[in-house]
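Following the hints, put chain B in place on chain A, whose structure we already have.
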Amino acid sequence: MKNIWIIANREFRTFLDSLVAYILLVVFLGLSGFFTWLFGTDVFYIKQATLLPFFQIAYWTLFFFIPALTMRMIAEEKRVGTLETLLTRAITDWQIVAGKYLACLLLIGVALLFTLPYYFTVSWLGPIDHGAVWCGYLGLLLLSSVYISIGIFASSITSNQIVAFLLALVIGIVFHWIFDLMSSVASGSLAGLMNYLSTSSHFASVSRGVIDSRDIIYFVSLSLLGLILAEAQLASRNVVD
Amino acid sequence: MDITVSNLSKTYGDQKAVDNISFQVKTGEILGFLGPNGAGKTTTMKVLTCYMAPSSGTVKVGDLDIFDHPEEIKKHIGYLPENNPLYLEMPVLEYLSFVAGIQGVTKEQLPGRLRTIVSKCGLNKEKHKKIGELSKGYRQRVGLAQALIHDPEILILDEPTTGLDPNQIVEIRNLIREIGKEKTVILSTHILPEVEATCDRILIISNGKIVADGTPDTLSNQAQGKYIVTIRIKAETPEGIAAQLRKLPGVSIVELDPTRPDWFQITADTDLETREAIFRLCVNNHWVLIEMTPVEERLEDIFRELTLK
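Chains as they are written, first to last, in our numbering: chain A, 1 to 241; chain B, 1 to 309.
Only chain A is shown next, with the shape it has when bound in the complex (with noise of 0.2 angstroms):
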């Protein structure tokens, strides 16, 4: 658990220290702030006091910025070659993908903490569903530990960011459209499955505020997946042909 840290706070920093974690906060901030009060089905053109709004522009905002938080991790130590270093040293590959994962969650969970404010006007100028609030809140953060999860893994496949980028931009496509679309055209079992596979749907259901066990079970096992799926992928150099 200490190295997970340990690694999880470099990166961290090296966000702090590049200016991605800051374009990242004041694009994500202005871009859900503009669409909350000022435009299109804001509070006000809604006339109800809710973040709906707010959870659907994060939401497309989160799909593409954390592909771009993302594309660097592995990629970049691969082609400069800081990977070795990383690796031979006495840490597990698991907890190098686990640390890399933490830093960019919490950057996401810092980001999600800076919209707070929203929430407390927006319950200040009418009767709010606190309860649908905090499940939105938490759909956005399972949200993102998938994308997350998907990024570091098409990070971990390449050692060009931009391949990377556009990888997990696909993966996230096909999760969050792909599945959901084809869950509408298909009929029984499988649309069923292309339901149950789709993000969106899961988020829908969260953000409306009940908590199915079925939706924590399907972000947390992708997110796993997605880390094993890296992890695996580094391990690879180990394969004995």
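Hints are computed from structural coordinates only; laboratory data are not their basis.
Hints are all accurate, no fakes.
In silico negatives: residues of chain B with every beta carbon more than 12 angstroms from chain A:
1. H190
2. V229
3. P258
4. P261
The calculated lysine-lysine pairs, modelled on DSS-like cross-linking and capped at a C-alpha distance of 27 angstroms, are:
5. K107/B x K2/A
6. K120/B x K181/B
7. K78/A x K136/B
8. K78/A x K129/B
9. K2/A x K78/A
10. K2/A x K127/B
11. K2/A x K75/B
All residues carry an ideal CB built from backbone N, CA and C; glycine is no exception.
Chain B only, in chain A's frame:
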């Protein structure tokens, strides 16, 4: 800690990078791993550092096997990979603390270790700078410092002096020699004077196989099993002297140097006996022996001879 490599092989696709090599390194020994580029030096080092598994064979570090206890072994190894990859955006001290952390240096030990290593590697002035701002020589020192930070018993250095200027090379070599007094050191290089200057033992590897193993001295002799002496005799009849020299026991070739009239080059099977015989021959014939120099075959020649086959 001793390292025992037995029957190690590693193949990439159809290419055999390392082909069934075995050797042992003892504590306090500096082993020079010598070979042309692509001979399998780096691959062997990657296996020793548990970066990748061998295709067959095994490595034991102390009593530990690389397959069963990689995490434990990694704690005892300090490794400087080829090209010295570093996190350029990190300040030196922060980077060293990071490495110390994952290598299991405790919070209490950390300040002491940092002080020792920073001064040992001569990084005191640069310790707050970002690694990316340092010159190549200083980066190399940071690379060495990160390998040494947890006071490992084994140090593995892959081409530690590439790209350094002559002064820096001497400094790094001195540092390695000092460290090598109490630790097991394996260093790879294709620079010959480097192994002669730093190593107790040389392992020459070519096309994945070990072609020579021994101290620099034994290697020089072992290569041909012949000794060469040049002598200078004040002589009126060089041909006559050469003929006499050829009759000496053990002497196989006597050559006259056309550019320098008094010089002879003698190739013999034995070293001291031949020189003694030459001396006695000169005394008996009242020849004036002005100079006699044994020619040591240079490591470079041995290297070329062994690796070009």
